[in-house]
Amino acid sequence: ILNVEQSPQSLHVQEGDSTNFTCSFPSSNFYALHWYRWETAKSPEALFVMTLNGDEKKKGRISATLNTKEGYSYLYIKGSQPEDSATYLCAFKRGATNKLIFGTGTLLAVQP
Amino acid sequence: ETGVTQSPTHLIKTRGQQVTLRCSSQSGHNTVSWYQQALGQGPQFIFQYYREEENGRGNFPPRFSGLQFPNYSSELNVNALELDDSALYLCASSLGVHANTGELFFGEGSRLTVL
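In the order they appear, the protein sequences are chains L and S.
Using our numbering, you'd call the opening residue of the first sequence number 135 and step up by one each time.
Using our numbering, you'd call the opening residue of the second sequence number 15 and step up by one each time.
These are computed hints drawn from the structure, not numbers from a lab.
Using N, Cα and C, we set each Cβ at its ideal position, and we do this for glycine too.
Do not rely on the hints blindly, as some may be mistaken.
[Said to hold, decoys possible] Here chain S is said to cover these stretches of chain L; the calculated rule only asks that three of the stretch's residues, wherever they fall, bring their Cβ under 8 angstroms from a Cβ of chain S:
#1 176-185
#2 231-241
[What the hints assert, rightly or not] Pair by pair, the computed Cβ-Cβ distance ranges are:
#3 203(L) with 76(S): 24 to 32 angstroms
#4 66(S) with 146(L): 40 to 48 angstroms
#5 191(L) with 55(S): 36 to 44 angstroms
#6 191(L) with 22(S): 31 to 39 angstroms
#7 83(S) with 203(L): 23 to 31 angstroms
#8 229(L) with 74(S): 20 to 28 angstroms
#9 204(L) with 93(S): 37 to 45 angstroms
#10 75(S) with 201(L): 32 to 40 angstroms
Can you build the whole structure from these sequences, using the hints too?
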């Protein structure tokens, strides 16, 4: 059974706080790791697709790291803003398959 | 906006009925994947279509079926609806078969309630 686990399940922070989430996935036969941001009543939107061990990617105040040997990825948000409030999903792709295995997400609420 | 549109946005059915959900992929994308998100879970892969052929299937029974048309739009059909089929159904398009080469572009989903 392939499981992708995300923690924490939910997070409430104040505007300006920095925060991070964890995504754990099977370390064998790794192919790619995706991060998506999903705002309420909208569609999930891709943040990063990461494929190489040690990858670090950044988009504005959001960044992500990848460790394929130990099977985890971190997503960091620096100086959280209310518009960052969303569910953050990670998804793992195993070699020789064409499906993404999603975690249950981390729900972030940023209060002004 | 991803350019992926799904219809209907909400619908209510009763047990035993059949439902068809539709998806228009982003322009130029030849691959469509369908996911089911039940309450409290992450999206679960149902199947993928590439150039009008099913190209991979998740752990869903045969009463879940699909089609992809020459313009790459797609349908998800579910027969003999069960209460547990109540969920948000997400369609995602991509360019190429393998999701690792690029992100998925999702629609906003179709919320199905089975009574």
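Tested hints:
Residues of the stretch 176-185 of chain L lying with their CB closer than 8 angstroms to a CB of chain S number 7, which satisfies the three-residue condition for coverage. With a cut-off of 8 angstroms between beta carbons, the stretch 231-241 of chain L has 9 residues touching chain S; three or more are needed, and the interface restraint holds. At roughly 39 angstroms, the beta-carbon separation of residue 203(L) and residue 76(S) lies outside the given 24 to 32 angstroms, and the hint is violated. The hint said 40 to 48 angstroms for the Cβ distance between residue 66(S) and residue 146(L), and at roughly 46 angstroms that hint holds.
Remark: the range hint 36 to 44 angstroms for residue 191(L) to residue 55(S) is contradicted by a beta-carbon distance near 26 angstroms. Distance hint check for residue 191(L) and residue 22(S): the Cβ-Cβ separation is about 36 angstroms, which falls inside the suggested range of 31 to 39 angstroms. The given range of 23 to 31 angstroms is broken by residue 83(S) and residue 203(L), whose C-beta atoms sit roughly 43 angstroms from each other. In this structure the hint that residue 229(L) and residue 74(S) lie 20 to 28 angstroms apart at CB holds, the actual value being about 22 angstroms.
For the hinted restraint 37 to 45 angstroms between residue 204(L) and residue 93(S), the CB-CB distance of approximately 43 angstroms keeps it satisfied. Between residue 75(S) and residue 201(L) the beta carbon distance is about 37 angstroms. The supplied range of 32 to 40 angstroms therefore holds.
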